[in-house]
Amino acid sequence: MKRRTFLKGTVASSALAVAAGAGLLRSGQVLAADWATDAFNAKDVASASKAAFGSDGAADSQDIKIKAPLQAENGAVVPVKVESTLADIKSMAIMVAKNPTPLATKVDFSGDSVGYYSTRVKMGKTSDILVYVNSGGKILKASAMVKVTVGGCGG
Amino acid sequence: MATKIKARQKGDATEILVLVQHPMETGSRKDKKTKKEIPAHFIQTLNFTVNGKSVADVSMGTGVSKNPLVGIRVKGAKSGDKISVTWKDNKGETGGAESAIK
Amino acid sequence: MNKKLILMLAGLGIAFGAPMTASASPEGDLKEFQGYFKQRFPTVPLEAYNDGVNALPQYADRVENWKLLMDFPPFEDDVEKGEKMWNTPFKNGKTYASCFENGGVGLAVGYPWYDTKDKKMRTIEADINECRVDNGEEPIKNLKNGKMAQLVIAFKRLSNGKKMAINLNTPEEIAAYEKGKQYYWARRGQLNFSCANCHVQNSGNKIRGDVLSAALGHGTGFPVYRTKWAQSNKPLGTIHRRYGGCNKQVRAKPLKPQSDAYVALELYQAYMNTGIPLKVPSQRQ
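Residue numbers (this note's numbering), protein chains in the order written: chain A, 1 to 155; chain B, 156 to 257; chain C, 258 to 542.
Partial list, computed: chain C residues near chain A (C-beta under 8 Å): (1) D318; (2) R319; (3) E321; (4) L326; (5) T484; (6) Q488; (7) Q542.
Calculated from the structure, these hints are not laboratory results. What you are looking at is a predicted structure, and each value in this text was computed from that prediction instead of being measured. For glycine and all other residues, C-beta sits at the position ideal for the given N, C-alpha and C.
Please work from the sequences and hints to get the whole structure.
Here it is in structure tokens:
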């Protein structure tokens with residue numbers, strides 16, 4: 001655990017060679033060069049948003065539709081679907097506000113992709129799910145709250 | 156680890172779904188038997204191409220569920236178009252699959 | 258934990274009623290049972306009960322989980338594997354289909370049933386193993402999940418969409434039915450609940466953060482893929498696996514899959530599901 005914290009503090013996302021040279025990477029572990037380490041390791045929404053989009057402020061948008069259950073059945077598998085009709089969508093990100101590292105996933109679109117993204121996220125507890133969209137360079141967001149209770153009637 | 160692709164029409168767009176068998180370990184879970192931490196092991200990047208052209212670059216962290224399912228939609232795709240998905244995880248392991256739109 | 262649960266339940270006013278029916282026949286029981294649920298959930302048609310808790314209006318907050326997951330059903334892999342096994346010949350060249358009338362198509366809606374020729378109650382799991390042994394293969398030991406669950410899915414899928422139609426033709430079947438009915442309505446375990454307490458009297462109500470599904474339809478979607486079980490890599494479950502889990506939930510000792518009491522219970526439930534189409538497999542929490 002201590003080692004990873006040390007790693008977070010000292011390794012920048014493009015410092016792959018330095019990290020390997022300094023022996024900071026555990027054997028067999030490679031940081032993908034195009035993976036936004038800072039964004040994914042950020043501990044709050046504002047820092048994650050800044051690292052992922054370059055800005056921690058985003059206006060709310062009615063044109064981002066989030067489909068997620070009002071109450072999750074299982075916090076380990078919460079399905080989320082995002083659709084947006086905003087113009088020129090370059091990327092989308094899904095964050096779970098109360099997770100230890102809120103940024104769950106980001107998608108960068110090219111070619112003929114439309115403003116749609118779906119996946120399944122882990123939620124530690126009741127939290128807002130935030131969706132950020134880069135629309136022609138402008139960052140907009142929407143949120144939906146998902147309740148997470150630990151059900152007891154398993155078998 | 157298996158990667159499966161599914162494509163279907165949704166209005167005037169084609170939805171492409173990919174399911175990857177992957178543990179997506181956060182690194183904070185403890186093995187019940189050994190009591191040791193299970194090392195983080197998760198997909199970091201995943202890419203979709205249609206007919207060789209990239210349409211979406213996905214990056215994910217440990218907040219994505221085990222056996223990740225990711226879906227995107229594209230316009231203008233037609234029957235016979237080739238879909239390819241490739242992914243890479245934090246250990247450098249890779250995987251992928253190919254399919255054609257029916 | 259027990260005390261807390263009991264107090265909470267007392268607070269919720271959980272009813273501990275006697276069996277609802279004093280009727281003299283299974284047909285009478287069936288009418289009363291299905292009638293009860295029609296009254297309790299007037300907007301839910303009989304056929305919809307194969308969706309389990311997802312069919313209940315009280316589940317509205319959570320049904321999106323199921324709908325979104327069914328976009329790319331998590332059990333597709335298991336269905337494929339089961340179908341492959343079903344179609345793969347044994348070492349002697351025969352297939353599972355050769356053990357069953359009509360290749361097994363349409364039969365699942367009549368299980369369990371009493372075979373007067375061989376003088377035994379037949380369940381799908383037992384028949385699959387009998388088929389294996391008759392054709393020189395080893396029987397499958399694990400009757401809760403894995404390969405057996407995949408094969409049961411393959412068999413039941415041959416009857417998907419067909420309505421449950423159990424016939425209580427023999428004294429043995431009627432005796433098993435009565436045994437199953439008694440099991441269903443008897444209290445058990447440290448928590449002293451019967452199946453009916455939760456799934457009849459409190460169907461649709463919340464308990465421990467979950468919503469109780471209705472008894473009507475139980476089994477029509479089995480074997481089931483449970484997200485909860487998937488977390489420990491054993492997502493599939495036969496109905497006898499689930500019975501064991503429910504027993505544990507009321508702090509009663511679980512029985513082994515295919516034990517007599519569970520087979521009788523399965524028959525009782527199957528009869529109560531008369532008219533509900535099979536929808537196998539299903540995804541549940």
